[in-house]
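K.L.:
Each of the two chains sits in its own frame; use the hints to bring them together as a complex.
In order, the protein sequence lines correspond to chains H and E.
Be aware that the first sequence starts at 1, since it is given in this note's numbering, and climbs by one per residue.
Be aware that the second sequence starts at 185, since it is given in this note's numbering, and climbs by one per residue.
Bear in mind the hints are in silico, worked out from the structure with no lab data behind them.
Be a bit skeptical, because a hint or two may be false.
To give an idea of the interface, some chain H residues facing chain E are shown, with a C-beta separation under 8 Å as derived from the structure [unchecked claim]:
#  : residue
1  : 29
2  : 47
3  : 64
4  : 65
5  : 72
6  : 78
7  : 96
8  : 119
9  : 140
10 : 160
11 : 162
12 : 164
Predicted, not measured: the structure shown is a model, and the values here were computed from it.
Backbone N, C-alpha and C fix where the C-beta goes; we use that ideal spot for every residue, glycine too.
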Amino acid sequence: MGWRHYMAGEAKSSPANGGNFFLRIRGPRDFYGGLALIVLAAFALWAGSDLAGMHGFSFGPGTTPRLFAWLLMAVGAVIMISGLISDGPPLESYAVRGPALVVCAIVTFAVTIRGFHFTFFGFPVRIPEFGLIVATFLAYMISVLGAREIRWVESLIAGAVMTAFCVVLFRYLLQLPFPLWPAF
Amino acid sequence: MSDLLSNLWLGFSIAGHPVNLGFCLLGALVGTLVGVLPGVGTVATIAMLLPITFGLDPVGALIMLAGIYYGAQYGGSTTSILVNIPGEATSVVTCLDGHEMAKQGRAGAALAIAAIGSFFAGCVATVLVAALGQPLTRVALEFGPAEYFALMLLGLIFAVVLAKGSVLKSIAMVLAGLLLSTVGSDLDTGAGRMTFGMPELLDGIGFTNVAMGLFGFAEIIRNLEATGSSREVIEGKIKGLMPTRQDLKDSSWPIARGTVLGSILGILPGGGAVVSSFASYTLEKRISKNPRRFGRGAIEGVAGPEAANNAAAQTSFIPLLTLGIPPNAVMALMVGAMTIHGIVPGPQVMTKQPDLFWGMIASMWFGNLMLIIINLPMVGIWVRLLRVPYRILFPSIIVFCCIGIYSIDNSSSDVMIAAIFGILGYWLVKHDFEPAPLVLAFVLGPLMEDNLRRAMLIARGDTSVFITRPISGVLIFISVTLLVLALLPMIRKRREEVFVESEN
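With the rest of the complex left out, here is chain E (with noise of 0.2 Å):
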């Protein structure tokens, strides 16, 4: 306990640093900026920014990264309330309830509680992050390959299982992505694999091309299409920030389940913030005496799920910090940042790194402290940004992703790949594909084969290795129990469609 309030105090003292402080409000606005206006998404912003990384010192470059994302989440939901458009994926039910409040004249006690909210689960999602920091690293001490692989198998079970739409499909985007992963020099043999003789694709396909591909162009070429929205912004001020004593109390049980719920679901590698606000909502209206209020300006709708995103974006740092493996895609760009700063995810960070460690969580809370004041008295501000026309926006967009892209390698290949990607993101879009199990496997990919691979070797052939040892074989049944039970309701429907048809 001493312990951890002694590194608790180490990274205040360096996430107080003053230009660390900077680094971390940095952060905080470009993701509230990111969150507000639509069409922009975090994955597409962290990948455009990695190169303005590249001159900083790695604390202060991980600390607003990191910032942006949780940045992000709060941002997400002014939009959502205000003009029932989602800022970010993980803000659309929001939408719901918040907008309906806005409607109703509500507006103010709906952005307060989503705030209220999302910084009560920052708070605790920081001291989650760095309680279970320690005991996770000593677990991942005792990791081999065949419980490494297992569990980032583990981590593609639950993409797929919590990804949108058809299950099959998503393991089909798993498989493409591990697929599209093994393009580039093999790791032991240093053979070319599928790489055409190209030397641009030796070092493999970049993964900040596929992300901004798929996450940012894919985006935009199909905003062109949707016929032009009209942005209703609630009009005049907004009034009565203060929430009144009854939304407090009725916000105040769905803000603390959502903190639990995102906590665990940020936790897990697969989930991340968008299914926990989803489930958040899904628990709220089941539990609630009066289901029929929902959506018709439900406070329990706001808060649960802001607190929910919030909790679940912090908490995904756990996998990443302790483990090194990334559980969803802007982990996985971190990674990148990582990376370009010469550090390895893992379980060595904790102790080679103290202070990148414990500085970057405890900047976590300085930036929940700064979101809240840049959210709630300078929402006029961010209300005023969405009058900006789309017409002008995406064009800027492009253009920043193309230089971001850019100046990571000073490759103009990998801007084409981009492109490539981004139009294949919009085909899988328009045959029900979801990209983030394809962009998770991309990512986990290589990591995946080079621990198959050793695994295989020390158990020179012997595959039941993966089940005979007792952390991979417990990590290698769920994934096989979940695999199944996501099926299974699909066979038996399909099965019905089948028979309905056979009998007409």
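Looking at chain H on its own, in the form it has when it is part of the complex (with noise of 0.2 Å):
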């Protein structure tokens, strides 16, 4: 509950009304930073709740989570409230093209490469074996388009140089057991 009451007192404090203690959050980056390893911890007890304890002097499953999980809630809230009352850096901005891009290359390789099935609100999606030639094209290109200054035809020709040498180094040199063609 606290947390959103400063939250809300960020929003409208500026430079001119600094002298408001309580209200401004001085380190920002410490005090969200702080904040997430809260909402972590939290997230574990939560998960791990099902996990017996203490049996006797013996150890159960959960007992260790819990005690890392306690702790780092703990250092979490030091760091939140020394964010809270210590001059610390703004947050910096976060780029999300590159980000979004490279994650997108890499979930595209990974369910393309022998194809994978999951459930969207109840519809079975089934996305086919491409294989990793397909696979790993793929995966360049949408990768190059991450970059600031894309060129196109240097990068059609390293992403078709690069995906020749994987095919040679992995699947003939290692015998790794790739397939390499598309299979609907």
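P.N.:
Encoded structure:
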């Protein structure tokens, strides 16, 4: 409950009313960092709440996770409070395009190499097996999109060369059991 | 002594086998390549290459992986000196004076001193690993669960103290790593912990996925953000590879000091090559008669750190091979490589697989000899590689990482987990959290939990066992002292800040 209050305070505060001790987050990078750790610890406590604890003097499966989670929550709280009361650097801006496309490339590779099944709101989705060649080339080209400058011809050639290199190295030299071609 | 010599002889006869020499050369070449290319880290590379070692003989595989690690220390300096971009985190400080020397037309001397320093340190560290192996193994056999737990705790505290930035945040990273390491089946009862019923998580989160995400993908995401970095390669032929007599004289003591410092920091769990190069630079600057020369092309600023990082890279094998405790992320991957081949790292390696133990140590000497040749006369080839633009390089790294992770278990979910950790790593950097302590804690977590539980069971729930047993008591005492020493200045500073504020 408390932190919402502070967050609302941050929106209102401006450099002009810097003396407002409790309504301004002085070190937002620490504040939100600590907050995220607390959330992570709380999540872990919730996720492990079904695990048995101490059994006499022998540890149960839940003992150590809970111990680590409580400690993490405590340290997270100290970091959060220190971000509240002492000045720190502002939040950095997050890039969206680079991270999104890199993740997209990785996930594309993961789901196409040998196909993937999952249910999306009750509808079964089935991605067929595309094999190493298509998966590698697709992942390469999607990552290319994440860069600031894109040179299409150069990237297409480099992607093709890299795909060929991977096929030779992993499939033929190392003989790893990858499917090469799409199989629908 | 004669024991040591005969053991080393065994090692040299194994490492000198043409096949193993070939693996050693391959490792040294890949290591140099990784070191030269900025944005490709050692951890990510070794993780990428793990699947390649599946089909190899374990001795050859480990010789190659070790070569990549120390080879990267050589290669990293080349980029630092010629381009002013550290190829590896370990050669960040080499930029300061190395690149200045290059601007003054002394690139050749800087490269040569870096290589000679690394070679000297490598030779000393090889002997050290060999000499310390046996006595430490004997110590390790005395260790019970309480001692192991205390030692790993000390390692984590070292990682916290030596990490950059806030001590508190490093502690948080250690705890987060420990917490993440508990995901998966419980060691004793087999109960799934925090798995949400997903069978993929029953085996726990794979270490390679975490390492690849935090060090490989996160690094790329961060680099993409940087505004088009211009790489000013020093043009023209590098002349005068032979350092002058004066250069050698000036750098001989820094090299010796760097070697000692690096060797010590390498053995300490939580230490490693990065810390030791920084420590050596600071030391040289502090004891120099004329500290103002530093940052303006002082040869000591190249010689010391380069010797230190190479020494540390090699001595960090000591805790792994004798105690079975990986002191840093690269060594944790070596654990992975050993496990793939059914070798359990620890004191028993030396007695059960003497050829592996001594062969690997001896190969380090061969590797260092090869590296000095790879790096000095062939430096022109590596410089040309630097002209490969990042926009071609980074998609290749992504693709290579994906295939690498996928091939370990043929598992798509592993690849996705690595992607999640990539985003997490990006977030951590944005909030000034260091990923290194997290990774170390993640590796040590299961070992620590296991030993903690066993120690408690043996002591029938009496926590004082960690203090009353002498070795463990000393280790715990050192850990607590270190932690207090690290935290004190911070508490004092914060209090001052708060007091200053309240006075306004």
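K.L.:
Hint by hint, note whether the structure agrees.
P.N.:
Quick rundown of the hints versus the structure:
no. : hint : result
1   : 29   : 5 Å, holds
2   : 47   : 4 Å, holds
3   : 64   : 5 Å, holds
4   : 65   : 4 Å, holds
5   : 72   : 4 Å, holds
6   : 78   : 6 Å, holds
7   : 96   : 10 Å, violated
8   : 119  : 14 Å, violated
9   : 140  : 5 Å, holds
10  : 160  : 12 Å, violated
11  : 162  : 5 Å, holds
12  : 164  : 12 Å, violated
Checked against the numbered hints listed earlier, the structure breaks hints 7, 8, 10, 12; every other hint is satisfied.
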